[in-house]
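Please build the complete structure, drawing on both the sequences and the hints.
In the order they appear, the protein sequences are chains A and B. Read left to right, the first sequence gives residues 1 to 254 (UniProt numbering). Read left to right, the second sequence gives residues 1 to 254 (UniProt numbering).
Calculated from the structure, these hints are not laboratory results. Hints may contain errors.
In silico lysine-lysine, DSS-like type, Cα no more than 30 angstroms apart, as pairs [to be verified]: (1) B:K211 with B:K158; (2) B:K19 with B:K201; (3) B:K240 with A:K201; (4) A:K19 with A:K240; (5) A:K240 with B:K240; (6) A:K201 with A:K183; (7) B:K183 with A:K240; (8) B:K183 with B:K240; (9) B:K177 with B:K211; (10) A:K158 with A:K19; (11) A:K177 with A:K211; (12) B:K158 with B:K19; (13) B:K177 with B:K19; (14) B:K183 with B:K211; (15) A:K211 with A:K201; (16) A:K19 with B:K177; (17) B:K158 with A:K240; (18) A:K211 with B:K240.
If you want the footprint, here are the derived chain A segments under chain B, 3+ residues with CB under 8 angstroms [stated by the list, open to error]: (19) 38-51; (20) 114-121; (21) 125-131; (22) 230-239.
Partial pick of chain B residues on the chain A-facing surface, computed with a CB cut under 10 angstroms [what the hints assert, rightly or not]: (23) L117; (24) P118; (25) V216.
Just so you know, even glycine gets a beta-carbon here, dropped at the ideal spot from N, CA and C.
Protein chains: 2
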Amino acid sequence: MMDMMSRSDLEAALREIGKTRYHSNHPFQMMLQEGRLSRDQVQAWALNRYYYQSMIPVKDSFILARLGTVEMRQEWRERIIDHDGSPEERGGIVKWVALTDGVGLDRDYVMSGEGILPGTRFAVDAYVHFVRERSLLEAIASSLTELFSPNVIGIRTKGMLEHYDFISRETLAYFDKRPVQAKRDSDFALNYCLENATTPKEQLAVIDALKFKCQVLWAQLDALMHAYVEPGNLPFDAWKPGTMLASQPSQAAE
Amino acid sequence: MMDMMSRSDLEAALREIGKTRYHSNHPFQMMLQEGRLSRDQVQAWALNRYYYQSMIPVKDSFILARLGTVEMRQEWRERIIDHDGSPEERGGIVKWVALTDGVGLDRDYVMSGEGILPGTRFAVDAYVHFVRERSLLEAIASSLTELFSPNVIGIRTKGMLEHYDFISRETLAYFDKRPVQAKRDSDFALNYCLENATTPKEQLAVIDALKFKCQVLWAQLDALMHAYVEPGNLPFDAWKPGTMLASQPSQAAE
Chain A
1 MMDMMSRSDL EAALREIGKT RYHSNHPFQM MLQEGRLSRD QVQAWALNRY YYQSMIPVKD
61 SFILARLGTV EMRQEWRERI IDHDGSPEER GGIVKWVALT DGVGLDRDYV MSGEGILPGT
121 RFAVDAYVHF VRERSLLEAI ASSLTELFSP NVIGIRTKGM LEHYDFISRE TLAYFDKRPV
181 QAKRDSDFAL NYCLENATTP KEQLAVIDAL KFKCQVLWAQ LDALMHAYVE PGNLPFDAWK
241 PGTMLASQPS QAAE
Chain B
1 MMDMMSRSDL EAALREIGKT RYHSNHPFQM MLQEGRLSRD QVQAWALNRY YYQSMIPVKD
61 SFILARLGTV EMRQEWRERI IDHDGSPEER GGIVKWVALT DGVGLDRDYV MSGEGILPGT
121 RFAVDAYVHF VRERSLLEAI ASSLTELFSP NVIGIRTKGM LEHYDFISRE TLAYFDKRPV
181 QAKRDSDFAL NYCLENATTP KEQLAVIDAL KFKCQVLWAQ LDALMHAYVE PGNLPFDAWK
241 PGTMLASQPS QAAE
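Next up, the structure:
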């Protein structure tokens with residue numbers, strides 16, 4: 001059995017996981033931000049990641065249902081508001097549709113989820129099931145990948161704008177507010193985990209939950225790499241490059 | 001909306017899915033039965049598929065809990081008995097451990113599930129969640145891949161015995177009874193689906209459930225292909241070839 005870690009050691013252990021296992025280190029992510037993907041491959045990425053984005057408020061709703069206090073729910077509901085938006089302000093999901101519009105995919109097709117890879121669906125659904133079935137501490141800990149996203153978003157956005165002429169700043173508007181939101185959310189979640197992991201077993205559970213979440217993100221890029229970068233592996237019913245394109249030069253979603 | 005199919009048309013549609021989408025057509029499966037995998041790669045297959053085998057009685061227990069009649073449970077419990085065995089007779093899971101023993105993997109490591117690919121875990125867990133969350137008709141329909149296994153088992157067993165000197169008939173004992181069991185089980189499940197899919201919508205749900213299950217099997221081989229055949233893609237914590245080998249020349253499990 002491992003010993004109890006200090007609060008700062010646990011935080012350091014969590015941050016170390018991000019340095020090594022966060023999907024910013026995945027070869028597909030490198031290719032994306034270094035301009036080494038074709039337009040087809042960027043479309044495949046945008047299409048598949050839409051499913052992940054669309055399920056974020058679902059997984060956050062399951063967590064919301066389990067938080068148990070007014071104060072906690074007040075904090076956590078902000079995540080859902082950020083993603084679902086309001087009549088006055090576009091949410092993250094609509095902004096992601098602007099991204100799939102921007103790269104030229106048919107909007108109805110994207111939102112149907114029909115052409116996503118089974119590997120995408122299984123990984124994302126595993127995340128939703130995880131937050132329902134594991135302890136509340138683990139459910140919250142699984143959100144901690146947001147500790148690592150603010151820095152990566154800058155690199156990716158810069159790289160994509162530089163390398164792909166079919167990508168505009170408006171196409172990538174999804175990412176504009178994410179660093180601030182992610183910092184607010186991950187500060188809260190990290191503090192919760194450091195406070196509430198009061199045994200070595202719970203500390204280990206927090207670490208394992210974060211590793212699990214890194215697997216969820218990594219496996220999605222593995223599936224994209226296998227299907228759209230390595231030739232000859234496209235699964236049945238998966239989106240075929242050159243199909244389901246927007247019928248006219250696309251504008252960002254309203 | 002599609003029209004109602006005749007019973008025989010629905011059966012034909014289901015069998016057609018098997019011809020195209022069953023994992024017997026997957027490149028990794030071809031490599032396995034044609035002797036084109038290294039021992040490491042066969043070990044990776046055996047290790048990962050252990051997790052699938054180990055979860056079969058779990059998914060069947062969830063179905064058992066939902067069947068609703070004594071007669072249905074009497075039928076379905078045979079699947080669990082086949083996999084879990086008894087003090088008198090080895091079940092499918094123990095026989096699969098004999099297979100991982102036979103190819104030289106450490107038994108405790110295999111049974112811990114530690115080194116399996118995230119893609120394996122997410123796909124298998126998706127299957128377990130599917131039978132809990134979808135209609136009973138869909139849960140039963142998702143077992144219909146067994147319609148296609150008896151034929152494939154013969155080809156695979158013959159090919160593996162012929163091409164790999166580290167594989168013996170005893171190592172593959174798992175497969176000996178599967179054709180008879182799978183025929184009995186799939187006859188029952190097919191009849192249930194043909195009887196109980198009484199609307200076009202239910203017929204489509206049966207077809208989609210079988211397609212889903214084909215994806216579950218296919219995605220497991222995609223994950224193996226990506227991690228162990230295409231170089232440089234081994235995910236964190238996944239089993240590393242050359243490690244966790246049995247400490248002595250292995251005998252089949254008791």
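Status of the hints after comparison with the structure:
no.: 1; hint: B:K211 with B:K158; verdict: 27 angstroms, holds
no.: 2; hint: B:K19 with B:K201; verdict: 23 angstroms, holds
no.: 3; hint: B:K240 with A:K201; verdict: 27 angstroms, holds
no.: 4; hint: A:K19 with A:K240; verdict: 34 angstroms, violated
no.: 5; hint: A:K240 with B:K240; verdict: 33 angstroms, violated
no.: 6; hint: A:K201 with A:K183; verdict: 27 angstroms, holds
no.: 7; hint: B:K183 with A:K240; verdict: 36 angstroms, violated
no.: 8; hint: B:K183 with B:K240; verdict: 36 angstroms, violated
no.: 9; hint: B:K177 with B:K211; verdict: 25 angstroms, holds
no.: 10; hint: A:K158 with A:K19; verdict: 20 angstroms, holds
no.: 11; hint: A:K177 with A:K211; verdict: 25 angstroms, holds
no.: 12; hint: B:K158 with B:K19; verdict: 20 angstroms, holds
no.: 13; hint: B:K177 with B:K19; verdict: 23 angstroms, holds
no.: 14; hint: B:K183 with B:K211; verdict: 19 angstroms, holds
no.: 15; hint: A:K211 with A:K201; verdict: 15 angstroms, holds
no.: 16; hint: A:K19 with B:K177; verdict: 48 angstroms, violated
no.: 17; hint: B:K158 with A:K240; verdict: 36 angstroms, violated
no.: 18; hint: A:K211 with B:K240; verdict: 18 angstroms, holds
no.: 19; hint: 38-51; verdict: violated (count 0)
no.: 20; hint: 114-121; verdict: holds (count 3)
no.: 21; hint: 125-131; verdict: holds (count 3)
no.: 22; hint: 230-239; verdict: holds (count 6)
no.: 23; hint: L117; verdict: 8 angstroms, holds
no.: 24; hint: P118; verdict: 4 angstroms, holds
no.: 25; hint: V216; verdict: 8 angstroms, holds
Hint check: violations occur at hints 4, 5, 7, 8, 16, 17 and 19; the rest are consistent with the structure.
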